[in-house]
Amino acid sequence: MVMINLIVILLVGGLLAILSERISDTMPRKVAMGVVLVDLLYLLVCLSGMPDITQLQAPVASDSSSWLMHFKAGWIPAFGISIELALDGISLLMVLLTLVLGAIAISASWTDIVVRKGFFEANLLWSLAGVLGVFMSLDLMLFFLFWEVMLIPMYFMIAIWGHENRGYAAMKFFIFTQASGLLMLVSILALVAVNHGATGTWTFSYFDLLNTEMAEQTAHWIMLGFFIAFVVKLPGFPFHTWLPDAHTQAPTAGSVILAGILLKTGAYGLIRFAVPFFPEAALNFSYPAMWLGAAGVVYGAVLAFGQTDFKRLIAYSSVSHMGFVLLGIYAWNELALQGAVMQMVAHGFSTAALFMIAGSLQERLHTRDMREMSGLWQQMPRMGAVAMFFVVASLGLPGLGNFVAEFLVLLGLFQVNVWITVIAATGLITGAAYSLLLMQRSFQGEVNKKWADYGLADFGPREMLTMGVMMIALILLGIYPQPVLDAAQPVLQSLLELTATPALASAEAMQ
Amino acid sequence: MNATMFSALAPILILSLTAIVLMIQASIKRDQSLAWVITAVGFVLTLCGAYYARDFTQSVTILLQVDHWSLFFTSLIMIASLVTLVLSRDTFSPEGERKEEYYLLLVLSVLGAVVLIQSSHMVSLLLGMELMGVALYAMIAFPERGHLPLEGAIKYLVLSACASAMLLYGFALIYAATGELSYAGIGAKGALAYLENPMLIMAGSAMVLAGIGFKLSVAPFHMWTPDVYQGAPTPVTGFLATVSKGAVFIALSRFYIDGALYQYSGLNTALVVLAIASMLVGNWLALRQENIKRLLAYSSIAHFGYLLVVLIALTYVDAGLVSQSITFYLTAYMVTTLAAFTVVSTVAGEDTAKQDVSAFEGLFWHRPLEASALTVAMLSLAGIPLTAGFMAKFFVITLGIQSGLWGLLAALVVGSAVAIYYYLRVIFAMSKSTESTGESANRLEKLLALVLLASILVLGSWPQPFIAYAGGL
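For the protein sequence lines, the chains are A and B, in the order given. Residue numbering for the first sequence follows the working numbering, beginning at 1 and increasing consecutively. Residue numbering for the second sequence follows the working numbering, beginning at 1 and increasing consecutively.
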């Protein structure tokens, strides 16, 4: 029930936010912030009664009772569709990330939304609810539902409150993700039909479908459907083209949620569904996938280097960083997977912070063009320092979360293929180049006369607090990543066992 | 004929009676409101009649087959007709002196649709189709303003006449081959006749398919659709899109199932071609439409393309699942389309300029209820989860996968992906900020929009009761 409540609180909170606009103009954002914090608090309170996550024995993926939480209720029994939610270490990490970044997103657009505030906060909360659903559902139909439905509020956020070219960006975002979603729907139904053919029962439950036996060819095609759907969302090269537009045009809170959370649903889907359902097909496909990942790392970095738009640069850097996640997943050993999970968390914070800085700049300067920014540090020293911190975090400075993540991925990848590792590692160098370029162009150098008497306001206490939270998170992830690794480890362990040698496992069962 | 047969025919009898009462009323006292009330009462009584007839299911003579399936669809089109009726009231009040006739035509057209749904014989099929069609020509041309309604009606008349001619010739060929006119008889003797002379059966059923394809407006027989949709008064367009097309599709599927036409692979190939063409053509041409009624016209072409997949799957899966899917899909489609036309009718009315997608700008902010209803209808047509349209698509894809129809599924995925663009355009236009304020709809229409909106969401988010019900029909 806890998991249902988490989602319902956000959904109802959205309605409250709309209604609260009648009380006062500033009420919706307070309500929204309150709702997210209550949700977070509720989760933490409920967790305190649970066994310590690091002490958990490795959950068996195919045994629901070993999960941290599990909930199942009938929904459409005619097709074996149920409302099945479950929480394990990875889901928990993602849920926590979602809620924390949700609060940050609300803080990020505390002042920059001027019209229809109630509806804005409602959309934000609803899209968070959808994302929570994605991270927790274990019924494929329910998963698909959340997967699609979380996009509609996001679409509205871009289409209504976005920047100058919002119509195009919102449309592109929606068509890309829906088209790939449709592919996933066909794949899901194909998987279910194969299982129906073998067992004679309709079921959409993760646990039942996990051991579906199918021909190699069938598995390959269905796997490909899942792969494309998730990689579009990730986004992996060459399906990334929606991302720069959507990120650039979205309002700040939208960018924070898109980059911080929504991209992670793609990675989560790969780890949770695409590989475990089709271990052999997926691992046969690992080389193309890893090459795509490496291509994404390099290509994203090169394009980021060429941007003049502050937000677009960050958007392309996301393509590059998410390439590491794809690499980590398809290297499919413990180190690399740990790195991928770590990258999901660390990238969530660092990019969210950078987008928030971009949003603050846009709010103050009404432009995102870096050619018009220069020497802003002098006028806004606090913002400059904060930006410096997150830029070096994003380029992978040792001691901060992103470094740990990328290092682990490369370490794990090295055991699999040296050449891909070499290529991917160049991403660290190019990353440094474009990150520092960003810093240099906007915050350092001569002061642009244009802004000299513009009365630019530096970061205030609200912004500093928000940024502080993310800084602390990144530092903690950098110097003491163990809790995250511990939370993910048992899950990854069991997934690795599940996929390692299916033939061996069945042979053991025979004995 | 015995007493139980009359009971089984209750819906048809009540509708006929309503038509007679309307005629008598018109000769005594011409009054639009009175005609409206009589029609509404007639429709509600027919609904009750359909409920009553459930205990008397049987085949009534050789012509009509009254079973739970046809009674369900009878009720469904009665509901759709009631919606049309509600929308018609304001639309036709500014007409000249002869507005009562519209209601008579509506009742006759519905009567034709009910006969069509219950037909089990080619004669009743033709009878129903013509009764429905002839009344529709007049309904389309009813407004006395502008050329568009007239143009639409003439187009529909001429092409429908061609289609009927095709249909009749097809019937003749099938009769020549099998010596049967009832579906069941064709089903029983068709296979043998096919062995003797495959050309007769093939040519005959292909012509029947073409004739019905015209009415369903599947590509390449879709040319009339956008003009008629645009020209007809909006409530009539809604009626055409739901009642007329729905009834024809039911007739087609009965003919296909009972006449065992699915056993001829040539015919299945023809259906595959029609389905793929409809999905691609419908979605593709909808992209550039400015007028929302034209947009919905192309969208309906695509939707009947999707629905044809279900019929094609008949060769591979059992008929129960197929008819369940047809029930769900048509219900979802009709509810969604009605919601869309309700909003278009209340917001844009008969003014062509107001029917442009750009004229819907800002609707969210000055008429939130109507805008929400149209948004949900668009999402449902696009097949987004939690809406009825999604569950409908779910059925189609499931059947497609079970039958291994990968080519059709690929066309469906491509078509749906393209379709998202034009459905979203409508939603995007509505979410734009504008200063204008629109007038408000009357209460009945608002209530209607709300009910349809709720039905789409309920069908999509809690479909189990309806799936179970549809499975038991």
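In short, the hints are calculated from the structure, not lab data. Keep in mind that a hint or two might mislead.
Unchecked claim - Incomplete in silico selection of chain B near chain A, CB under 10 Å:
#	residue
1	TYR51
2	ALA161
3	CYS162
4	SER358
5	PRO385
6	LEU386
7	GLY407
8	LEU409
9	ALA410
10	LEU424
11	VAL458
12	TRP462
13	GLN464
14	ILE467
Glycine included, every Cβ here is placed at the ideal spot set by N, Cα and C.
Okay, the hints, checked on the actual structure:
no.: 1; hint: TYR51; result: violated, 24 Å
no.: 2; hint: ALA161; result: violated, 40 Å
no.: 3; hint: CYS162; result: violated, 37 Å
no.: 4; hint: SER358; result: violated, 12 Å
no.: 5; hint: PRO385; result: holds, 4 Å
no.: 6; hint: LEU386; result: holds, 6 Å
no.: 7; hint: GLY407; result: violated, 13 Å
no.: 8; hint: LEU409; result: holds, 6 Å
no.: 9; hint: ALA410; result: holds, 9 Å
no.: 10; hint: LEU424; result: holds, 6 Å
no.: 11; hint: VAL458; result: violated, 13 Å
no.: 12; hint: TRP462; result: holds, 8 Å
no.: 13; hint: GLN464; result: holds, 5 Å
no.: 14; hint: ILE467; result: holds, 5 Å
The structure shown violates the earlier hints numbered 1, 2, 3, 4, 7 and 11.
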